[in-house]
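Participant: In the order they appear, the protein sequences are chains H and W.
Everything in the first sequence is counted per this note's numbering, starting at 6 for the first residue and increasing by one.
Everything in the second sequence is counted per this note's numbering, starting at 5 for the first residue and increasing by one.
Calculated from the structure, these hints are not laboratory results.
Please read these numbers as outputs of a predicted model, since none were measured by experiment.
The C-beta atom is built at its ideal place from N, Cα and C for all residues, glycine as well.
Honestly, I wouldn't trust all of these hints.
What the hints assert, rightly or not - Taking CB as the label site, the calculated pair distances span:
#	chain 1	residue 1	chain 2	residue 2	range
1	W	288	H	88	25 to 31 angstroms
2	H	143	W	98	49 to 55 angstroms
3	W	177	H	116	31 to 37 angstroms
4	W	306	H	58	49 to 55 angstroms
5	W	288	H	158	29 to 35 angstroms
6	H	129	W	18	56 to 62 angstroms
7	W	48	H	184	54 to 60 angstroms
8	W	288	H	167	34 to 40 angstroms
9	W	290	H	58	21 to 27 angstroms
10	W	86	H	116	35 to 41 angstroms
11	H	88	W	325	50 to 56 angstroms
Take a look at the letters that make up each chain.
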Amino acid sequence: MKLMDYMEGSSMLKKYGIESIRSKYVNSKEEAIRFADGKSIVLKLISEKQLHKANAGLVKVNLDTNANIEKAFDELKGKGKSLSPYKIIAQDSAKQGVEAIIGSRVDSQFGKLILFGLGGSYVEALKDVSIRLCPIDKYQAGQMIEQLRSSALITHNGKATERIESLLMQASKMIEKENIEELDLNPVIIREDGYDIVDIRVLG
Amino acid sequence: MDYKANLHKMLKPRSVAIIGASRNPGKVGNVILNNYLDGGYDGKLYPVNRNADMVSGLKAYKSVLDIHSSIDLAVIAIPAEFVPAAMEECGKAKVKNIVVVSGGFAEVGATELQDKMVNIANKYKIPTLGPNCLGVMDPRARSDTMFLPTYKLSKPKIGGVSFVSQSGAVGSTVLDMIAKEGFGLSKFISYGNAAHIDEVDIIDYLMHDEETKVIVMYIEGVKHGREFFEIARKATLKKPIVVIKGGQTAAGAQAASSHTASLAGSYESYDAMFRQAGFSIAKDLSELVYLAKIFASEPLPNGKRVAVITNGGGTGVLTTDAISANGLDVAEYSEQTKKELRKCMPSIVNIRNPLDMAGDADSKRYSDAMSAISKDPNIDMLIVITLFQTPGADSSVAAKLISYKSAMDKPMIVISTGSDYTEMHKIMMESTGLPVYDSPNAAARSLAELLKYAQYRNAYSKK
Chain H
6 MKLMDYMEGS
16 SMLKKYGIES
26 IRSKYVNSKE
36 EAIRFADGKS
46 IVLKLISEKQ
56 LHKANAGLVK
66 VNLDTNANIE
76 KAFDELKGKG
86 KSLSPYKIIA
96 QDSAKQGVEA
106 IIGSRVDSQF
116 GKLILFGLGG
126 SYVEALKDVS
136 IRLCPIDKYQ
146 AGQMIEQLRS
156 SALITHNGKA
166 TERIESLLMQ
176 ASKMIEKENI
186 EELDLNPVII
196 REDGYDIVDI
206 RVLG
Chain W
5 MDYKANLHKM
15 LKPRSVAIIG
25 ASRNPGKVGN
35 VILNNYLDGG
45 YDGKLYPVNR
55 NADMVSGLKA
65 YKSVLDIHSS
75 IDLAVIAIPA
85 EFVPAAMEEC
95 GKAKVKNIVV
105 VSGGFAEVGA
115 TELQDKMVNI
125 ANKYKIPTLG
135 PNCLGVMDPR
145 ARSDTMFLPT
155 YKLSKPKIGG
165 VSFVSQSGAV
175 GSTVLDMIAK
185 EGFGLSKFIS
195 YGNAAHIDEV
205 DIIDYLMHDE
215 ETKVIVMYIE
225 GVKHGREFFE
235 IARKATLKKP
245 IVVIKGGQTA
255 AGAQAASSHT
265 ASLAGSYESY
275 DAMFRQAGFS
285 IAKDLSELVY
295 LAKIFASEPL
305 PNGKRVAVIT
315 NGGGTGVLTT
325 DAISANGLDV
335 AEYSEQTKKE
345 LRKCMPSIVN
355 IRNPLDMAGD
365 ADSKRYSDAM
375 SAISKDPNID
385 MLIVITLFQT
395 PGADSSVAAK
405 LISYKSAMDK
415 PMIVISTGSD
425 YTEMHKIMME
435 STGLPVYDSP
445 NAAARSLAEL
455 LKYAQYRNAY
465 SKK
């Protein structure tokens, strides 16, 4: 299994109508500042040697001034010394919402599975997830949402349900068709009126 | 349909050869033969025993090849090493089905011996169940290959529930448990190592079996995951399947490389498959029994609004709690119902749901309440609580409920908790198809699973 390049992952999602947050690899502070163009951004260090980025301090958020961007960039470069080869990626800051996870793995008995649930830092703590065999239809997508203890929270009391259902169906189609052994879209930040996929990890 | 799924003659054999029919009481083959004799089986019985001319008063044969008559089912109960040779003879004698009761195959590492067995079954195209299993039972056909002495195990009556168990021990325990329930058994299939006939074949057979209304399964693991899923989702569009999974320990979340890998372990993937295929999942054996019970007798509900009538206030409250906790709604009576109830209930009765008719409620009061509530369009399901310890509750109440039940097209169940006097009335009501639960939670959970299945059927029958 090999970790897919982040930007390749992003364009694979796009093929299935799934948008992820605007992202770009940056090689210098200046490039990062140009990407930000005055708006708040996030910088992340991506290396196969450290898969749990947030825990390892490889994600710098809310960088809303040039000074902050420069400082974060330097810090990441420092940490990168022991994680080479690595890349630094710049992303738009996502708007506030509920953090969800969409995932996948291959089960030896049942083949490709899709997983949905409460994401971000709650994943391991609450284990509030639902799982189905790929592909799924609209009814099963709805059931995956309904099965969660946190379904009202994740769907913003049902307002985001339709959008999540189609997102899950599109994701299941992608998992089914592409060479994906493991997938973590985590977090997918869900708002009443949309979502942002902020991190993509594909093993294929 | 695969020939391995054509099990009609295995379940309803008109001729049975018992290979290893010993003269020694207590030996497996001897117990099986005597169970056939004691159980009133009226087909042909052929004991096969190399060292005897007669067993239990029947002529014995040295080999199935000496029988020279058609054999629907051969039950093999001899040491594992001799099984392949016996099966070879069955093949030559054109035996139609085989049940291998004997253990000592893959479950103890003897995979070669098991492969040998399967090769012979394939060569002669004989559906072969087991090895390492209790075999099959069909109370209508009075056929039973289990080697359990009849006095130790109560047998369920005839009914519509078919029970499939990978484990013989769980199988016989559940059979014993359901013997005291009102619903009866259609088929029992204990399939052990699933060397030849597996879960896919069994579901394929039972989904087409007219006598089977509900399928109940104990599964530890299936051999062909996707195939099982495909056949199972076809089966649940015809009839409900209640399942319990053995081996629910979480797969060791050893340094998982992704969140999904640690969250979607082996049990979770089974759970996902069961849900997706429209199964009802039981958490323990008693739940397995009470879910089987609801599916065996009740029509599918149109919605989740539940009415409760009771002769005990506290139990009514507990039931209301259980209804909400299981995702159902406490119904609001229609104005018409309220008007009718106000007319016929004594003034101490509050006209609301749950309807607490007080401890002195007798068959007249139950009848009046039922008459108003049973036709209320705002109600999808009905729970009647009858605490038989109260002065008003007696057999005439049970009789009243039975007569309303027979005219009811919505799910209607009873909660009665108690000992001998209650148990007597439970048997009375259940024998007519009115299910009785001993706890509010069991009742509400059963109705919730019934509704979930109804919704699943609705979602997929439109397509």
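Participant: Does each hint hold? Answer for all of them.
Facilitator: Verification of the supplied hints:
For residue 288 of chain W paired with residue 88 of chain H, a C-beta distance near 48 angstroms fails the hint of 25 to 31 angstroms. Judged by the Cβ atoms, the range 49 to 55 angstroms given for residue 143 of chain H and residue 98 of chain W holds: they are separated by roughly 51 angstroms. Range check, residue 177 of chain W to residue 116 of chain H: Cβ separation about 33 angstroms, and the 31 to 37 angstroms hint holds. Roughly 50 angstroms separates the CB atoms of residue 306 of chain W and residue 58 of chain H, a value that falls within the hinted 49 to 55 angstroms.
Our hint of 29 to 35 angstroms for residue 288 of chain W and residue 158 of chain H holds, since their Cβ atoms are close to 30 angstroms apart. The beta-carbon spacing between residue 129 of chain H and residue 18 of chain W, approximately 59 angstroms, falls within the hinted interval of 56 to 62 angstroms. For the pair residue 48 of chain W and residue 184 of chain H, the supplied restraint of 54 to 60 angstroms holds, since their beta-carbon distance comes to about 59 angstroms. The hinted range of 34 to 40 angstroms is satisfied by residue 288 of chain W and residue 167 of chain H, whose Cβ atoms lie roughly 37 angstroms apart.
Remark: the range hint 21 to 27 angstroms for residue 290 of chain W to residue 58 of chain H is contradicted by a beta-carbon distance near 47 angstroms. In this structure the supplied range 35 to 41 angstroms holds for residue 86 of chain W paired with residue 116 of chain H, their Cβ-Cβ distance being about 40 angstroms. In this structure, residue 88 of chain H and residue 325 of chain W meet the distance hint of 50 to 56 angstroms, their C-beta atoms being roughly 54 angstroms apart.
In this structure, the hints that do not hold are numbers 1, 9, in rising order.
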